Amino acid sequence: MWRRLPTYCKIYSSLRSLVTSPVPNEGIYCSTEFNLSPELFDDIRKRVYSQGRSIQKIVISVPEKDEPSKNYLMNRNISTPHHCAKHINRSVASNSALSFISNVDNTTIYHSMNEPLEADCTLEFLDFNNEKHAKEVNTAYWRSCAVVLAYTLSQGLREPIKIKRYHDEVKKSYFAVDINQLESQLSTVKTSNSSPLPLFYLKLYFSVCICRLGSFVTTVSGPVIASTNQIGRFTIVKVLETSGVVRVAGVSLPSVQQTSSYVWQTIVKNAEDRCI
64 MWRRLPTYCK IYSSLRSLVT SPVPNEGIYC STEFNLSPEL FDDIRKRVYS
114 QGRSIQKIVI SVPEKDEPSK NYLMNRNIST PHHCAKHINR SVASNSALSF
164 ISNVDNTTIY HSMNEPLEAD CTLEFLDFNN EKHAKEVNTA YWRSCAVVLA
214 YTLSQGLREP IKIKRYHDEV KKSYFAVDIN QLESQLSTVK TSNSSPLPLF
264 YLKLYFSVCI CRLGSFVTTV SGPVIASTNQ IGRFTIVKVL ETSGVVRVAG
314 VSLPSVQQTS SYVWQTIVKN AEDRCI
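Numbering (the working numbering), first residue to last: 64 to 339.
It is worth saying that the hints were derived from the structure and are not from the lab.
Just so you know, these numbers come straight off a predicted model, no measurement behind them.
Among the hints, a few may not be true.
What the hints assert, rightly or not - Once the Cα atoms are required to be at most 30 Å apart in a straight line, the calculated DSS-like pairs of lysine-lysine come out as:
no.	residue 1	residue 2
1	Lys-235	Lys-332
2	Lys-235	Lys-133
3	Lys-149	Lys-195
4	Lys-149	Lys-133
5	Lys-225	Lys-195
6	Lys-133	Lys-198
7	Lys-198	Lys-234
8	Lys-198	Lys-227
To be verified - Pair by pair, the computed Cβ-Cβ distance ranges are:
no.	residue 1	residue 2	range
9	Arg-221	Asn-134	49 to 57 Å
10	Thr-171	Glu-130	18 to 26 Å
11	Glu-130	Asn-193	17 to 25 Å
No residue lacks a Cβ here, since even glycine has one placed at the ideal position from N, Cα and C.
Taking the hints into account, I'd like the entire structure generated from these sequences.
This is the structure we're talking about:
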């Protein structure tokens with residue numbers, strides 16, 4: 064069964080003013096030092112997006128090809144780009160991997176499809192065939208695959224694991240998960256420094272992004288794709304162990320990008336050779 068990747072959460076400490084966090088370059092990882100539960104994820108999301116009993120409206124402008132932009136009246140901190148896409152048609156909703164937001168103050172940001180919208184903006188939907196934003200879409204896809212791999216390892220291994228790092232090596236054509244050690248026994252949110260959040264978050268991180276996939280909750284370094292249904296071929300290519308860390312590397316293709324078995328094996332071999 065496929066799963067939607069809920070909005071990832073961005074939590075900023077009181078040591079830093081609220082700014083848009085840029086999407087990191089390939090290979091940049093996010094630490095996963097502390098354990099997170101689904102209940103804690105839901106609690107943080109509720110704290111961040113809480114707006115009392117009132118529901119505020121925002122206007123989302125969506126450019127149309129060869130037509131004037133269409134405006135949609137959505138709910139602030141509730142409606143997501145995915146909700147907006149469903150107002151257009153089912154194809155846009157299912158094929159959009161990421162969204163690109165232009166704010167009224169002329170700032171821009173890449174936004175997860177399941178991350179609630181906070182203010183009036185212009186919204187562009189990005190699919191896997193988008194050439195203009197290919198780098199950002201590829202990075203989000205690789206990052207999401209690493210989360211799915213970590214989720215699979217956490218469910219499939221007999222012993223609990225501790226995820227140390229994620230790698231989204233777009234240029235080297237692989238993603239990977241570093242497991243710190245084996246012990247014996249894949250939605251998004253933004254908040255200002257005045258939001259009531261647990262103190263340990265504020266002490267440990269300037270910025271924290273949290274992603275939930277089923278019962279698996281982890282930190283990530285940027286936006287993720289909309290759903291695991293958008294992931295097609297998926298293979299683990301290599302397992303390396305060094306200095307007490309096990310690196311599990313894989314490669315994948317989006318479900319909309321079909322290829323022959325021969326080409327797929329070439330992709331797998333290339334990823335295996337490049338993974339170090």
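- Task: Any hints from earlier that this structure breaks? Give me their numbers in increasing order, please.
- Result: Violated: hints 2 and 5.
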